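Q: Quick mapping for you: the protein sequence lines, in order, are chains D and F.
Under numbering that gives the first Met the number 0, the first sequence has 41 at position 42, and the numbering climbs by one with no breaks.
Under numbering that gives the first Met the number 0, the second sequence has 416 at position 417, and the numbering climbs by one with no breaks.
Everything labelled a hint here was simulated from the structure, so no lab data went into it.
What you are looking at is a predicted structure, and each value in this text was computed from that prediction instead of being measured.
Hints are not guaranteed to be accurate.
Claimed, not checked - Computed list of lysine to any residue pairs in SDA-like fashion (alpha-carbon distance at most 25 angstroms, straight line): (1) D:K30 to F:E27; (2) D:K241 to F:S174; (3) D:K30 to F:E20; (4) F:K41 to D:E32; (5) F:K41 to D:F70; (6) D:K281 to F:Q21.
Claimed, not checked - Cβ pair distances, simulated, as ranges: (7) F:G9 to D:V12: 47 to 57 angstroms; (8) F:I216 to D:G119: 44 to 54 angstroms; (9) D:G57 to F:A11: 43 to 53 angstroms; (10) F:A30 to D:S117: 55 to 65 angstroms; (11) F:R347 to D:G57: 50 to 60 angstroms; (12) D:K334 to F:Q351: 51 to 61 angstroms; (13) F:Q45 to D:V178: 14 to 24 angstroms; (14) F:D360 to D:D217: 29 to 39 angstroms.
C-beta atoms are modelled at their ideal positions from N, C-alpha and C, and glycine is treated no differently.
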Amino acid sequence: MSSSNAGNRPEEVQLATSAHVKYIQSLDTRKDEYDYWLTEHLRLNGLYWGLTALHLLGHPEALPRAETIDFVLSCQHESGGFGAAPGHDAHMLSTVSAVQILAMLDAFDELEKRGRGSLGGRAQIGHYIANLQNRQTGTFAGDEWGEEDTRFLYGAFNALSLLGLLDLVDVDKAVKHIVACANFDGGYGVSPGAESHSGQIFTCVAALAIAGRKDLVDADRLGRWLSERQVPGGGLNGRPEKKEDVCYSWWVLSSLEMIGRTHWIDRDQLIGFILRCQDTEKGGISDRPGDMVDVWHTLFGITGLSLLEYPGLQPVDEVYCMPKSAVERVLSRYKK
Amino acid sequence: MADQGGSQHGIARTSRVRTEEQRRQDVEKIAKYRDLDERVRKELSQKRYTPETFQLTSKLLQLNPEYYTVWNARRRLLIYGLFSKPSAGSSPSTALPSSSLTATTTTSSDASSSSLSTATPPAPDPPRAGKSGTTADEGDGSPEQAEESKKAEQDNDLELIKQELGFTIPLLLASPKCYWIWSYRLWILQQAIQRLPIPIARRIWEEELGLASKMLIKDRRNFHAWGYRRHVVEQLESPELGGTSLVESEFKYTTEMIKVDLSNFSAWHNRSKLIPRLLDERKADDTARETFLNEEFGQIFEAINVGPEDQSLWYYHHFLMLNLVSPVGHPTIAPALTRETRITYVIREIEQIKELLEDYDDVQLIYEALIDYTLFLCQFLERKPDGSERAELVSWLDKVKKLDPMRSGRWADLERDCGLVEERPRMMTMAS
Numbered sequence: 000m001s002s003s004n005a006g007n008r009p010e011e012v013q014l015a016t017s018a019h020v021k022y023i024q025s026l027d028t029r030k031d032e033y034d035y036w037l038t039e040h041l042r043l044n045g046l047y048w049g050l051t052a053l054h055l056l057g058h059p060e061a062l063p064r065a066e067t068i069d070f071v072l073s074c075q076h077e078s079g080g081f082g083a084a085p086g087h088d089a090h091m092l093s094t095v096s097a098v099q100i101l102a103m104l105d106a107f108d109e110l111e112k113r114g115r116g117s118l119g120g121r122a123q124i125g126h127y128i129a130n131l132q133n134r135q136t137g138t139f140a141g142d143e144w145g146e147e148d149t150r151f152l153y154g155a156f157n158a159l160s161l162l163g164l165l166d167l168v169d170v171d172k173a174v175k176h177i178v179a180c181a182n183f184d185g186g187y188g189v190s191p192g193a194e195s196h197s198g199q200i201f202t203c204v205a206a207l208a209i210a211g212r213k214d215l216v217d218a219d220r221l222g223r224w225l226s227e228r229q230v231p232g233g234g235l236n237g238r239p240e241k242k243e244d245v246c247y248s249w250w251v252l253s254s255l256e257m258i259g260r261t262h263w264i265d266r267d268q269l270i271g272f273i274l275r276c277q278d279t280e281k282g283g284i285s286d287r288p289g290d291m292v293d294v295w296h297t298l299f300g301i302t303g304l305s306l307l308e309y310p311g312l313q314p315v316d317e318v319y320c321m322p323k324s325a326v327e328r329v330l331s332r333y334k335k
Numbered sequence: 000m001a002d003q004g005g006s007q008h009g010i011a012r013t014s015r016v017r018t019e020e021q022r023r024q025d026v027e028k029i030a031k032y033r034d035l036d037e038r039v040r041k042e043l044s045q046k047r048y049t050p051e052t053f054q055l056t057s058k059l060l061q062l063n064p065e066y067y068t069v070w071n072a073r074r075r076l077l078i079y080g081l082f083s084k085p086s087a088g089s090s091p092s093t094a095l096p097s098s099s100l101t102a103t104t105t106t107s108s109d110a111s112s113s114s115l116s117t118a119t120p121p122a123p124d125p126p127r128a129g130k131s132g133t134t135a136d137e138g139d140g141s142p143e144q145a146e147e148s149k150k151a152e153q154d155n156d157l158e159l160i161k162q163e164l165g166f167t168i169p170l171l172l173a174s175p176k177c178y179w180i181w182s183y184r185l186w187i188l189q190q191a192i193q194r195l196p197i198p199i200a201r202r203i204w205e206e207e208l209g210l211a212s213k214m215l216i217k218d219r220r221n222f223h224a225w226g227y228r229r230h231v232v233e234q235l236e237s238p239e240l241g242g243t244s245l246v247e248s249e250f251k252y253t254t255e256m257i258k259v260d261l262s263n264f265s266a267w268h269n270r271s272k273l274i275p276r277l278l279d280e281r282k283a284d285d286t287a288r289e290t291f292l293n294e295e296f297g298q299i300f301e302a303i304n305v306g307p308e309d310q311s312l313w314y315y316h317h318f319l320m321l322n323l324v325s326p327v328g329h330p331t332i333a334p335a336l337t338r339e340t341r342i343t344y345v346i347r348e349i350e351q352i353k354e355l356l357e358d359y360d361d362v363q364l365i366y367e368a369l370i371d372y373t374l375f376l377c378q379f380l381e382r383k384p385d386g387s388e389r390a391e392l393v394s395w396l397d398k399v400k401k402l403d404p405m406r407s408g409r410w411a412d413l414e415r416d417c418g419l420v421e422e423r424p425r426m427m428t429m430a431s
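Produce the entire structure from the sequences given, and follow the hints as far as they go.
A: This is the structure in structure tokens:
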């Protein structure tokens, strides 16, 4: 079981790196398309998806650094939280994207200089996120209106640990909440009682990884459930008896990686499936072969390929969904 | 980053070259949309919490239900403008009792966090734009008058709540996986609890079960709708709404859903979660519990007999088996079963599954179950597989490896873990 023949596939498509780079670069030039405006609520997330993909493709400079930082900081509120675009309310999801982008661009110094709020800098963001923790149950809300979901818990852990501020929240209580979300199949749901879902499994296992509590995962049971997500054709689905989708190349595979079971699925077949979802001409990756591409599936196709050690890609961190080198650089600051 | 909103799912790739006509239409649509967006932003920045502004947000959300900031603006419009009483109980930080967002959240719900209206006041004195422009403390009238104005306020709020519930239904039907619509609807329902007499609020919540069912008819696996259903049930059962347990009817609901579609794992999952409470509330004795377990085994086996390739069925069967062999640490169906009875039942299941091989000799999941359950049995008896078990395990594993080469790494690990091959280092792909 190795991925050694991944780069040696004369019969099959190769990764269309330069088309993907161009596709991502073109995303902010489509202001004459209706969809560009309808997706403004995802602008900051989209920037994170695109930038991460570019870093993994080995083209970190493909988006202008200074302008990117300016845009990110223009989305911040006095509370410390970030909206998806200027004029959009602050939310956990866009705040996490902002932190991840600034971390990738090594721009925390800009944040310290120019960040909004009375505390300013990292501290203000940490304050915003910490206030979204439900101190009774340990989980997190997405914003002041109170929707709770393990996605937000993971997002909080991701951003706070990158900021070196995880001690602002009650980690033990959050860990207990994750344990309460576990099901008999070894998976995790949105909240206690909810069905196991690959996306939520990623958020729960990655949050446990950040908390240093992967020992709480039933790795064998979860590993078998995750490995059973691979369907004939090589793609992965998100739940039993559902269709495959490129994005699960990330949610399922990163979870398998975190519990040391990546070799429980067929790597070459998954590589083949992801590559078949590319638009090799115009760039971008879609959910299934022949469908419309978008930046979200483009990122998760590429992160999947990176975990599968596809040649020429930078290694992705399975917990943070960022280049490993960036995560190591940021986290090493806080190591004593 | 786990947000799927706005991404393309299942839409066929078409040529990205637009015709001149398409381009012209796009330009027109964009202009209309941006104009509307601008108007909403302007009204809110000038704190015009009026029915007219509210109408504009309706239009905008109908064009784009993913625009979460506008859903938030709508909440603020209701709290500060249209609902009758901008009481302390309606501020965001206390709007959801399940959330204990601390006092600091109140400061984050001030001007700084609201984007569209850069200076939303905490609303001590909002403009009165609701139908009922009166408030209870307005005059020093008689108790009858106070009662009357309270009634008028409730009528106003009830109408608004009903209107909002109606507004979101077509949007949910069109975008059943849009997180923002579901969470807005729950927020409105929470307003019903805070603003209306309990019996009226309860009736509103009861109708939500109908909506959840309707959404689950459209898509049996929609996890938003399943989660919504569990949340609604929890509220209906709560003392806040004068509730009693719904576990029997919810259990029945899973039975009905399974009858329609045996493959619906979401229904099987919910069933597994309801059973411990169901049996507790039935005050089921040990015999009743054992009977219940056997009935569940009978039912799932019948289904497996028809569709042995269906993962959903095997997951539920696995859940029942865990009730036999892993009785500690979590609530189980029949905790008082003796060791001997447990062993008998495990062996019974293994034997039944072996019989399936007569009809289906190339279904991987059958072999997988036989391997799992034989190992369960050995673990439960705290011994290694004996000679004949070992021979069976080897032959089943051979079959699985042939039928399922995709997961060969997993079968190799299993082979080693069962002691069926000589000890070799575990294949780890990473440091975990």
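Q: None of the hints should be skipped; say for each whether it holds.
A: Each hint, compared with the structure:
no. : hint                                 : verdict
1   : D:K30 to F:E27                       : 13 angstroms, holds
2   : D:K241 to F:S174                     : 19 angstroms, holds
3   : D:K30 to F:E20                       : 17 angstroms, holds
4   : F:K41 to D:E32                       : 24 angstroms, holds
5   : F:K41 to D:F70                       : 22 angstroms, holds
6   : D:K281 to F:Q21                      : 20 angstroms, holds
7   : F:G9 to D:V12: 47 to 57 angstroms    : 21 angstroms, violated
8   : F:I216 to D:G119: 44 to 54 angstroms : 52 angstroms, holds
9   : D:G57 to F:A11: 43 to 53 angstroms   : 31 angstroms, violated
10  : F:A30 to D:S117: 55 to 65 angstroms  : 40 angstroms, violated
11  : F:R347 to D:G57: 50 to 60 angstroms  : 58 angstroms, holds
12  : D:K334 to F:Q351: 51 to 61 angstroms : 56 angstroms, holds
13  : F:Q45 to D:V178: 14 to 24 angstroms  : 49 angstroms, violated
14  : F:D360 to D:D217: 29 to 39 angstroms : 31 angstroms, holds
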